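Chains as they are written, first to last, in this note's numbering: chain A, 74 to 432; chain B, 74 to 432.
Any given hint might turn out to be false.
The list treats identical chains as interchangeable, and a pair is accepted whether it falls inside one copy or across any two copies.
Here are the computed lysine-lysine pairs in the DSS-like style, where the Cα-Cα straight-line distance is at most 27 Å [said to hold, decoys possible]: (1) K97 with K384; (2) K426 with K369; (3) K97 with K386; (4) K286 with K123; (5) K376 with K426; (6) K412 with K97; (7) K176 with K417; (8) K417 with K384; (9) K251 with K376; (10) K258 with K176; (11) K376 with K424; (12) K376 with K355; (13) K151 with K376; (14) K290 with K384; (15) K369 with K424; (16) K151 with K97; (17) K384 with K426; (18) K410 with K376; (19) K384 with K401; (20) K258 with K76; (21) K286 with K426; (22) K386 with K410; (23) K151 with K412; (24) K384 with K286; (25) K386 with K369; (26) K211 with K246; (27) K249 with K386; (28) K211 with K286.
Please keep in mind that the hints were generated in silico from the structure rather than gathered at the bench.
Values in this document were obtained by computation on a predicted structure and should not be read as measured data.
Number of protein chains: 2
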Amino acid sequence: MNKNHYAILMAGGVGSRFWPVSTKAFPKQFHDMLGTGETLIQKTFSRLSKVIPEENIFILTNELYNDLVFKQLPNLTKRQVVLEPALRNTAPCILYASLKIQKENPDALVIVAPSDHWIEDEDTFVKNVQQSFDFCSKHNALMTLGIQPTFPNTGYGYIEYDALSNESIKSVKQFKEKPDYETAKMFLSKGNFLWNAGIFMWHVNSVIDSYRKLQPKLYSLFEEGIDTYNTELEGNFIEENYMKAENISVDNAIMETSNNVFVIPAEFDWNDLGTWVSLYDKLDSDHDNNAIINAKSLVSNSKGNIIRTNKGKLVVIDGVNDYIIVDKDEALLIYPKEKEQNIKVVLQSLKQKFGENFE
Amino acid sequence: MNKNHYAILMAGGVGSRFWPVSTKAFPKQFHDMLGTGETLIQKTFSRLSKVIPEENIFILTNELYNDLVFKQLPNLTKRQVVLEPALRNTAPCILYASLKIQKENPDALVIVAPSDHWIEDEDTFVKNVQQSFDFCSKHNALMTLGIQPTFPNTGYGYIEYDALSNESIKSVKQFKEKPDYETAKMFLSKGNFLWNAGIFMWHVNSVIDSYRKLQPKLYSLFEEGIDTYNTELEGNFIEENYMKAENISVDNAIMETSNNVFVIPAEFDWNDLGTWVSLYDKLDSDHDNNAIINAKSLVSNSKGNIIRTNKGKLVVIDGVNDYIIVDKDEALLIYPKEKEQNIKVVLQSLKQKFGENFE
Chain A
74 MNKNHYAILM
84 AGGVGSRFWP
94 VSTKAFPKQF
104 HDMLGTGETL
114 IQKTFSRLSK
124 VIPEENIFIL
134 TNELYNDLVF
144 KQLPNLTKRQ
154 VVLEPALRNT
164 APCILYASLK
174 IQKENPDALV
184 IVAPSDHWIE
194 DEDTFVKNVQ
204 QSFDFCSKHN
214 ALMTLGIQPT
224 FPNTGYGYIE
234 YDALSNESIK
244 SVKQFKEKPD
254 YETAKMFLSK
264 GNFLWNAGIF
274 MWHVNSVIDS
284 YRKLQPKLYS
294 LFEEGIDTYN
304 TELEGNFIEE
314 NYMKAENISV
324 DNAIMETSNN
334 VFVIPAEFDW
344 NDLGTWVSLY
354 DKLDSDHDNN
364 AIINAKSLVS
374 NSKGNIIRTN
384 KGKLVVIDGV
394 NDYIIVDKDE
404 ALLIYPKEKE
414 QNIKVVLQSL
424 KQKFGENFE
Chain B
74 MNKNHYAILM
84 AGGVGSRFWP
94 VSTKAFPKQF
104 HDMLGTGETL
114 IQKTFSRLSK
124 VIPEENIFIL
134 TNELYNDLVF
144 KQLPNLTKRQ
154 VVLEPALRNT
164 APCILYASLK
174 IQKENPDALV
184 IVAPSDHWIE
194 DEDTFVKNVQ
204 QSFDFCSKHN
214 ALMTLGIQPT
224 FPNTGYGYIE
234 YDALSNESIK
244 SVKQFKEKPD
254 YETAKMFLSK
264 GNFLWNAGIF
274 MWHVNSVIDS
284 YRKLQPKLYS
294 LFEEGIDTYN
304 TELEGNFIEE
314 NYMKAENISV
324 DNAIMETSNN
334 VFVIPAEFDW
344 NDLGTWVSLY
354 DKLDSDHDNN
364 AIINAKSLVS
374 NSKGNIIRTN
384 KGKLVVIDGV
394 NDYIIVDKDE
404 ALLIYPKEKE
414 QNIKVVLQSL
424 KQKFGENFE
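For reference, chain A alone in the conformation it holds in the complex:
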């Protein structure tokens, strides 16, 4: 395997729309959301390891999740776990990790990928990543993997590419923020719009050059620590300086304003497992379309539910349709699928009612 291949696995998110399973103390990526026997971060790590040497896969996460990461990926070394001491959006941590990687290997080709997405067809994923790395090794390019949209989803950003291009790798015209429904429909009808899945690939020098040009303040902040990176002094430097970083996404910071952005339309099925219903779409369900995870169940006169409990819990349900039913030791959620976007609001209401934070 190519020793210049690197990955930055983004594993700092909270996934509060998956409450009560996903919580701040134990977020979604550390759960076996699909009931496969592996957590999402374990699945993602194993998928990436088909094209990246395991020792070159870095986990970018919050200090809170250090123990969870080592528990679930026990072969990692400390070098591979990059901890953010403060909650910031993606731009600062990607720059920081990139500088560390560049110092270790100035020829590195890097993929940045979320740790909590579903991709079943791993061979095609590997093929698309390999194509992108090949391109990035020859061009000063910031690449993304774009997902062919299947409906006018208003929950994702979109990538508009050059409609005239016949290449498999296409030049990007614009990044578009989450659109309203009419705009999303227009994007789909045009045919040259893809969903932004937050998967990026580039030569480490290309991305750092972009930060230097487009985010000089952020670049200076982290460049100042370069002598400490990958040494014992790094921790102190980061502890002191990380919180000074602007809270900005990598999309806003460099992708939207760079003119060397390219996209490869993904040839594999993808799901961001962003909500209970998108998870439901990826689960096996019974003849009544009930997807049941972990429970021993007797479900009657009920259709289209997603039911998740602790392993082996007995569940008896009668006459419930299209619900999210999630039970764990401390909390039980019985909620209509069609209102799942409100689960974040529910968490606010719980906080108001009980004066406690249940996230």
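Since the structure of chain A is provided, determine the placement of chain B on it from the hints.
Frame of chain A; chain B shown alone:
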């Protein structure tokens, strides 16, 4: 307090209609079904102790529940706990306990009462028991406490009393088994029918006389052990002979065929807490008629539910009406109130599906 007053508290039932809270290993009477801080048997014991000296209250239960009884009523002595070595209906154990009490105190006035009913107005209960004891001390009478019916319930037996009587204690004409709906309506329209709540009062000699006359075989079986009762030899005798006893209720065995049966119409409110819905009627509920026990809850767009969890469990429910929602560590039930009579059938289905007994 009158040292001749005795009680036999019936605490051997399983209460399977309250699954998953009530199970064979931990039946209803040992649960705090009302969320008051006391279990049903504790409440019943404390109610009886207002008219019976505590040391004269005997608990009649199955060997399985010996530990639960002593845990929940820690001041009991071994003498007060009468264990059935085999599951039998009420006639054998009441005769057995009565013979033990008669041997200890031939002047005993005894009340037999279920351990899992709800009676709020304890003073009136005590008054009615006292009236009955007074009557039984003067007459060779088998007395019952009858409940004024509030609707044509087909789940109880009925007691028909002498419509012409002006006394507060009335002569009973007939015991009626559980009627069909039309018959129950007819009973209510007549005005001289009461629900049989399984509460009996008598002089110990009166009940034993009735057994002798009406159930000579059963009487002989238990009379043969008289020398062993209240001695160390009792256990062996019962272990050897109890299972020979006919499986018959006290109603069938003596009440229905005796001609010295009397009833006092109860002047207190009563509920047998026989099903989730009858329990629901006795619980406080919020402005949407949701009765919530133990849970920390956020219940929206939902009415008429009974919700019970472990203490302090967080429950979020939206858009569910008239349901029984019961959660405990090993099981979760989400079931329409109107189908609650099917819960026993559910237990059969679970057994078939999983090859295990979940009762």
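Exercise. At most 27 Å between C-alpha atoms: does K386 with K410 qualify within a copy, between copies, both, or neither?
Worked result: Both: 22 Å inside a chain and 22 Å across chains, each within 27 Å.
Exercise. When no copy is specified for K410 and K376, does a C-alpha distance of 27 Å or less occur within a copy, between copies, both, or neither?
Worked result: both (12 Å within a copy, 19 Å between copies)
Problem set entry | Intra- versus inter-copy proximity for K97 and K412 (alpha-carbon distance at most 27 Å) | within (22 Å within a copy, 39 Å between copies)
For this session: Evaluate K376 and K426 at a C-alpha cut-off of 27 Å and name the case that applies: within, between, both or neither.
Result: Between copies only: 19 Å across chains, 32 Å inside a chain, cut-off 27 Å.
For this session: Classify it for me, K384 with K286: is the Cα-Cα distance of at most 27 Å met within a copy, between copies, both or neither?
Result: For K384 and K286, neither the intra-copy (51 Å) nor the inter-copy (58 Å) Cα distance is at most 27 Å.
Exercise. Under a CA distance limit of 27 Å, which applies to K384 and K426: within one copy, between copies, both, or neither?
Worked result: Between copies only: 17 Å across, 30 Å inside.
Exercise. Should K211 paired with K246 be assigned to within, between, both, or neither, using CA atoms and 27 Å as the limit?
Worked result: The answer is within: 21 Å in one copy meets 27 Å, while 104 Å across copies does not.
Exercise. Which holds for K376 with K355 at a C-alpha limit of 27 Å: within a copy, between copies, both or neither?
Worked result: Answer is within; shortest intra-copy Cα gap is 16 Å, inter-copy 33 Å.
Problem set entry | Intra- versus inter-subunit Cα pairing at 27 Å for K151 with K412 | neither (41 Å within a copy, 57 Å between copies)
Problem set entry | Within, between, both or neither, where K417 and K384 count as close if Cα-Cα is 27 Å or less | both (25 Å within a copy, 24 Å between copies)
For this session: Could you place K384 and K401 in one of the four classes (within, between, both, neither) given a Cα distance threshold of 27 Å?
Result: both (10 Å within a copy, 14 Å between copies)
Exercise. Taking 27 Å as the upper bound on the Cα-Cα distance, should K151 and K376 be classified as within, between, both, or neither?
Worked result: Answer is neither: 47 Å inside a copy and 53 Å across each miss the 27 Å cutoff.
Violation of the numbered hints given earlier is confined to hints 4, 7, 9, 10, 13, 14, 20, 21, 23, 24 and 27; the remaining hints are satisfied by the structure.
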